[in-house]
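J.: Going down the list, the protein sequences come from chains E and S. Letter by letter, the first sequence follows residues 1 to 559 of our numbering. Letter by letter, the second sequence follows residues 1 to 559 of our numbering.
Please note: incorrect hints may appear among the correct ones.
With a Cα cut of at most 30 angstroms, we get these calculated BS3-like pairs of lysine-lysine [what the hints assert, rightly or not]:
id	chain 1	residue 1	chain 2	residue 2
1	S	K54	S	K147
2	S	K390	S	K95
3	S	K176	S	K54
4	S	K302	S	K390
5	S	K468	S	K390
6	S	K134	E	K491
7	S	K390	E	K330
8	S	K460	E	K330
9	S	K80	E	K460
10	S	K454	E	K80
11	S	K460	E	K80
12	S	K80	S	K134
13	S	K147	S	K178
14	E	K330	S	K80
15	S	K330	E	K454
16	S	K54	S	K134
17	E	K460	S	K330
18	S	K219	S	K178
19	E	K390	S	K95
20	E	K187	E	K468
21	E	K491	E	K339
22	S	K454	S	K468
23	E	K454	S	K80
24	S	K454	E	K330
25	S	K491	E	K54
26	S	K468	S	K187
27	S	K147	S	K176
Derived by calculation from the structure, the hints in this document are not laboratory data. Since the model is a prediction, treat every value here as computed from it, not as a measurement.
2 protein chains.
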Amino acid sequence: MSRIVIIGGVAAGPKAAARARRLMPDAEITIVERGRLISYAGCGMPFFVAGQVKDFNQLFSTPYGVLRDEQFFAREKGVKVLTRTEATSIDRQKKEVAVTNLDTGESYTLPYDKLVLATGSSPVIPPIPGLELKGVHRLNHPDDALKIMEDLEEVSEAVVIGAGLIGMEALDALIKRKIFVSVVEIKDQVLPGILDPELAAVLAARLEEQGVELHLGEKVLRLEGDEDGRVSRVVTDRGTLEAQLVIVAVGVRPNVELARAAGLEIGQTGAIAVNEHLQTSDPDIYALGDCVENTHLVSGQKVYIPLASTANRQGRVVGDNLAGIPSRFKGVLGTAVLKTLNFNIARTGLGELQARELGYDVETVVNSTHDRTHYYPGHDNLLIKLVVDKSTRRLLGAQAVGGGEAVKRIDVAATVLYFGGTVDDLAGVDLGYAPPFSTPIDPVQHTANTLRNKLSGLAKTIGARDLKARMDAGEDLVLLDVRMPAQFNAKHIEDERVMLVPLNELRQRIGEVPRDKEIVILCAMGTRAWEAQRILEGAGYTRVRFLEGGLQAWPYEME
Amino acid sequence: MSRIVIIGGVAAGPKAAARARRLMPDAEITIVERGRLISYAGCGMPFFVAGQVKDFNQLFSTPYGVLRDEQFFAREKGVKVLTRTEATSIDRQKKEVAVTNLDTGESYTLPYDKLVLATGSSPVIPPIPGLELKGVHRLNHPDDALKIMEDLEEVSEAVVIGAGLIGMEALDALIKRKIFVSVVEIKDQVLPGILDPELAAVLAARLEEQGVELHLGEKVLRLEGDEDGRVSRVVTDRGTLEAQLVIVAVGVRPNVELARAAGLEIGQTGAIAVNEHLQTSDPDIYALGDCVENTHLVSGQKVYIPLASTANRQGRVVGDNLAGIPSRFKGVLGTAVLKTLNFNIARTGLGELQARELGYDVETVVNSTHDRTHYYPGHDNLLIKLVVDKSTRRLLGAQAVGGGEAVKRIDVAATVLYFGGTVDDLAGVDLGYAPPFSTPIDPVQHTANTLRNKLSGLAKTIGARDLKARMDAGEDLVLLDVRMPAQFNAKHIEDERVMLVPLNELRQRIGEVPRDKEIVILCAMGTRAWEAQRILEGAGYTRVRFLEGGLQAWPYEME
Numbered sequence: 001m002s003r004i005v006i007i008g009g010v011a012a013g014p015k016a017a018a019r020a021r022r023l024m025p026d027a028e029i030t031i032v033e034r035g036r037l038i039s040y041a042g043c044g045m046p047f048f049v050a051g052q053v054k055d056f057n058q059l060f061s062t063p064y065g066v067l068r069d070e071q072f073f074a075r076e077k078g079v080k081v082l083t084r085t086e087a088t089s090i091d092r093q094k095k096e097v098a099v100t101n102l103d104t105g106e107s108y109t110l111p112y113d114k115l116v117l118a119t120g121s122s123p124v125i126p127p128i129p130g131l132e133l134k135g136v137h138r139l140n141h142p143d144d145a146l147k148i149m150e151d152l153e154e155v156s157e158a159v160v161i162g163a164g165l166i167g168m169e170a171l172d173a174l175i176k177r178k179i180f181v182s183v184v185e186i187k188d189q190v191l192p193g194i195l196d197p198e199l200a201a202v203l204a205a206r207l208e209e210q211g212v213e214l215h216l217g218e219k220v221l222r223l224e225g226d227e228d229g230r231v232s233r234v235v236t237d238r239g240t241l242e243a244q245l246v247i248v249a250v251g252v253r254p255n256v257e258l259a260r261a262a263g264l265e266i267g268q269t270g271a272i273a274v275n276e277h278l279q280t281s282d283p284d285i286y287a288l289g290d291c292v293e294n295t296h297l298v299s300g301q302k303v304y305i306p307l308a309s310t311a312n313r314q315g316r317v318v319g320d321n322l323a324g325i326p327s328r329f330k331g332v333l334g335t336a337v338l339k340t341l342n343f344n345i346a347r348t349g350l351g352e353l354q355a356r357e358l359g360y361d362v363e364t365v366v367n368s369t370h371d372r373t374h375y376y377p378g379h380d381n382l383l384i385k386l387v388v389d390k391s392t393r394r395l396l397g398a399q400a401v402g403g404g405e406a407v408k409r410i411d412v413a414a415t416v417l418y419f420g421g422t423v424d425d426l427a428g429v430d431l432g433y434a435p436p437f438s439t440p441i442d443p444v445q446h447t448a449n450t451l452r453n454k455l456s457g458l459a460k461t462i463g464a465r466d467l468k469a470r471m472d473a474g475e476d477l478v479l480l481d482v483r484m485p486a487q488f489n490a491k492h493i494e495d496e497r498v499m500l501v502p503l504n505e506l507r508q509r510i511g512e513v514p515r516d517k518e519i520v521i522l523c524a525m526g527t528r529a530w531e532a533q534r535i536l537e538g539a540g541y542t543r544v545r546f547l548e549g550g551l552q553a554w555p556y557e558m559e
Numbered sequence: 001m002s003r004i005v006i007i008g009g010v011a012a013g014p015k016a017a018a019r020a021r022r023l024m025p026d027a028e029i030t031i032v033e034r035g036r037l038i039s040y041a042g043c044g045m046p047f048f049v050a051g052q053v054k055d056f057n058q059l060f061s062t063p064y065g066v067l068r069d070e071q072f073f074a075r076e077k078g079v080k081v082l083t084r085t086e087a088t089s090i091d092r093q094k095k096e097v098a099v100t101n102l103d104t105g106e107s108y109t110l111p112y113d114k115l116v117l118a119t120g121s122s123p124v125i126p127p128i129p130g131l132e133l134k135g136v137h138r139l140n141h142p143d144d145a146l147k148i149m150e151d152l153e154e155v156s157e158a159v160v161i162g163a164g165l166i167g168m169e170a171l172d173a174l175i176k177r178k179i180f181v182s183v184v185e186i187k188d189q190v191l192p193g194i195l196d197p198e199l200a201a202v203l204a205a206r207l208e209e210q211g212v213e214l215h216l217g218e219k220v221l222r223l224e225g226d227e228d229g230r231v232s233r234v235v236t237d238r239g240t241l242e243a244q245l246v247i248v249a250v251g252v253r254p255n256v257e258l259a260r261a262a263g264l265e266i267g268q269t270g271a272i273a274v275n276e277h278l279q280t281s282d283p284d285i286y287a288l289g290d291c292v293e294n295t296h297l298v299s300g301q302k303v304y305i306p307l308a309s310t311a312n313r314q315g316r317v318v319g320d321n322l323a324g325i326p327s328r329f330k331g332v333l334g335t336a337v338l339k340t341l342n343f344n345i346a347r348t349g350l351g352e353l354q355a356r357e358l359g360y361d362v363e364t365v366v367n368s369t370h371d372r373t374h375y376y377p378g379h380d381n382l383l384i385k386l387v388v389d390k391s392t393r394r395l396l397g398a399q400a401v402g403g404g405e406a407v408k409r410i411d412v413a414a415t416v417l418y419f420g421g422t423v424d425d426l427a428g429v430d431l432g433y434a435p436p437f438s439t440p441i442d443p444v445q446h447t448a449n450t451l452r453n454k455l456s457g458l459a460k461t462i463g464a465r466d467l468k469a470r471m472d473a474g475e476d477l478v479l480l481d482v483r484m485p486a487q488f489n490a491k492h493i494e495d496e497r498v499m500l501v502p503l504n505e506l507r508q509r510i511g512e513v514p515r516d517k518e519i520v521i522l523c524a525m526g527t528r529a530w531e532a533q534r535i536l537e538g539a540g541y542t543r544v545r546f547l548e549g550g551l552q553a554w555p556y557e558m559e
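The following block holds chain E by itself, in its conformation from the complex (with noise of 0.2 angstroms):
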């Protein structure tokens, strides 16, 4: 009888037990967790805090409302689970793991077979003076957010340190509670590593729009509390911000401590290195989820993308190699979604930046869309981006922003990415139409086929943040405004380089556009700017370009 130990319990190791359970009906299964609570939605937690889930149990629940404790592994799966339990080595010639009851001191050795390493990670404890003061909490565990849930009553103002993923998620909660926040970053955008700068500053703008604070590319030096002991002050490089209550989100780092001792590879990303089979240096100890580094399929390189998704996708895999099928998990592409106030926000692959650190000869894109029919009630905005090598035409990445449905386009995207395919590819499935879902050319293709008029050489463009740029530096461009006169006056950039002519009347008109300039071309999200670059230039205009996802992508200041 094969004997089979898990350290860890929360996601990826009650996954590998419960498939290597499936799979060999007479295996000793046992899961190791230090901690109190198992096989729990780590994910869900800011949801309970933001109110949208009730019931906490819910987060610790299956979805036919059983209690997922040990009583539930013993019964349901014939999982053995010790619970605040801390393995505390490894010894690979005995093949044994040295653990320790954090209640009763007991320690004793549990042998094994197989050992499966599902340690996770930690949140990464930034050197901030202050953090042990009341009010200053994370949100990566359940008890995390049962005391921010304790402390949400007099808190009016909060603060949250990193704009990343947990730290969006945060914002969201926190607005949802009616409570003034204001995100801290040290990076010059949010959602850094996840968005591309372009998109993030639009996200900023539209944040902001919607009352968050952004303090991006700011330091937090210190936590300062009152008397009571609690948070009453972030202090920054750039000044001070009142908060009765911080989240600390700067992202997480892998456990490894006990591989290391035990002599196990750790990979260039620092986290336990692994194989195809997800097999560590030791055949007999395999390791999977937020402690393990991954292969990226794009790139081919070693990452640290901790996820749930993948940690569940690695739990089949483990659990079927302790079963003897060989079962491969071949990576990941990147994916990361998130849903923050009324945005929705979705990435695969390598952003820009990677992707030409890399070497590629990169071309991007940047789309403004309708995520449905602009006559179906709900319909939403979408800002599109992709990524591609100039060459081959290969999809390299693809990110989305909006209100309107991103994640769908992002797993399309994730798709083609995963095969290899072209942007021509992208454009070429026969994706679902119908009004209440998407447009008759869906909002991914309508940007594939925009970079593919960019590819091409026939559509010109330029970003938001370059003809930002140019203008700042008093350059003699001509900006030429081809909405209708009612959607100019209600918001337009304000700048005496800017002309209006609506684009039912530019072929009318247009000798007025003077021959002599560099002409770029605005509109709300790209269509009818791109339609007037082919009219100048079949005109014989010769400097044309438009703005790169209409007005819909300018994140600066208009009128």
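Start from chain E and add chain S according to the hints.
T.: Chain S only, in chain E's frame:
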């Protein structure tokens, strides 16, 4: 200067014209349209009837509010549109199209260098007496929608003839108008050709629960009217239905008369034959949209699947080719999606029967899932079916039905189909997960995993129809329901062969489960039953199966 004539001004024609114009500033482009209206959102008509689209003109307008009329095409696109002008014949030698102005009767010819046929489709008119009665409508053309709207006021009961895509959208529209609707379909299921029978049966059961009266496998013999010549009854081969409004939606056929008269090749499907460049048998004549047949990318066969999404994607390809860019339209996947009542319905690739008829060694799975984490508010159910080829594991088709986000999953499956990927590929893509969007293992990947368990011989299942047939035949089965007692008491299959042992008691109470009988395990969604199958097999039971998709996939009566 190139002269391009395009016959047809609804969707495909204008799209090809716009693309050609952007590529060829100097071309003379003329669209000939028999009707009064051009460039309209035919797909939007049901939503106008439903009252979801308030302003009829929205269906003829750009997203920025400009009416897409003749003037719009002249001004913004530089394209001449001749409405109420019918193309009556093509002289391929002279390269001329004979046209007649339907208002003035004037006839003349239009010379062309390249001709484009975008003649669309027409509703099939079934051989039913009484179609001329007042209150009998179709729902294909904007005029149909307007006529229905004029008629709605006095209607309390309506009959939709045909349970296809448009029929189901018509049903939805009328229900939203608080009209009692019966649907009569000559085939024995809803959405024939779109959904496989077992998914159609579940959908039908759910629609009936919501008060829709379905008459499947029933043939309409005639429509009868009152003294005012208004329809009052629909007489079928099984009875008579009261109705003050009838919508006939029994499919469309391609408009090929002009092409056939010109000697162009008509394909086996009855639609115009085109190559990958969408060229007809005359290299100077292109055809696209609802009048052409396409290559199915999975089967390689020619199919007639007229859809707006295909027409639009083809418009770009034709525009390119008109300008000398040899773009290709590879084909379609048979993707089709719709919403009716609160159900999202989507399919792509081959249905099970199609796949069997093509000689594939077919395996399938039906799987119940949540579309998002069960604790996230607003999550809903999905029933997903996958079809694969056993020997190659290649994905052949996918279908989904439910209140949950179905289209996203089918779009991912379509992308896998496009690349000829396997069920393992489908399971291996790094899709986006966060609680507002998905489950840690996406529903379509969970379904793929269940199918992989079937393919490896591990999961042993029975479909609802087979189980029902065996029950009805009086077979001596044990139906082992492993849900919680409260779930069981709320609703279960009322049959003396049913026994209840909740999953969390099964390991302890296994002695109660007969060893001498075949056991079929039931649960809500299939997950627990699968677990139970492995528990029983682990304990030496050999004849154990579980109901695929659980009771969510059970379309028959429960108590």
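J.: Next, verify each hint and record whether it holds.
T.: Against the structure, the hints come out as follows:
no.: 1; hint: K54/S <-> K147/S; result: 15 angstroms, holds
no.: 2; hint: K390/S <-> K95/S; result: 52 angstroms, violated
no.: 3; hint: K176/S <-> K54/S; result: 13 angstroms, holds
no.: 4; hint: K302/S <-> K390/S; result: 24 angstroms, holds
no.: 5; hint: K468/S <-> K390/S; result: 26 angstroms, holds
no.: 6; hint: K134/S <-> K491/E; result: 49 angstroms, violated
no.: 7; hint: K390/S <-> K330/E; result: 22 angstroms, holds
no.: 8; hint: K460/S <-> K330/E; result: 27 angstroms, holds
no.: 9; hint: K80/S <-> K460/E; result: 27 angstroms, holds
no.: 10; hint: K454/S <-> K80/E; result: 28 angstroms, holds
no.: 11; hint: K460/S <-> K80/E; result: 27 angstroms, holds
no.: 12; hint: K80/S <-> K134/S; result: 37 angstroms, violated
no.: 13; hint: K147/S <-> K178/S; result: 18 angstroms, holds
no.: 14; hint: K330/E <-> K80/S; result: 54 angstroms, violated
no.: 15; hint: K330/S <-> K454/E; result: 22 angstroms, holds
no.: 16; hint: K54/S <-> K134/S; result: 25 angstroms, holds
no.: 17; hint: K460/E <-> K330/S; result: 27 angstroms, holds
no.: 18; hint: K219/S <-> K178/S; result: 26 angstroms, holds
no.: 19; hint: K390/E <-> K95/S; result: 40 angstroms, violated
no.: 20; hint: K187/E <-> K468/E; result: 21 angstroms, holds
no.: 21; hint: K491/E <-> K339/E; result: 27 angstroms, holds
no.: 22; hint: K454/S <-> K468/S; result: 21 angstroms, holds
no.: 23; hint: K454/E <-> K80/S; result: 28 angstroms, holds
no.: 24; hint: K454/S <-> K330/E; result: 22 angstroms, holds
no.: 25; hint: K491/S <-> K54/E; result: 26 angstroms, holds
no.: 26; hint: K468/S <-> K187/S; result: 21 angstroms, holds
no.: 27; hint: K147/S <-> K176/S; result: 17 angstroms, holds
This entry does not satisfy hints 2, 6, 12, 14 and 19, going by the numbered hints stated previously.
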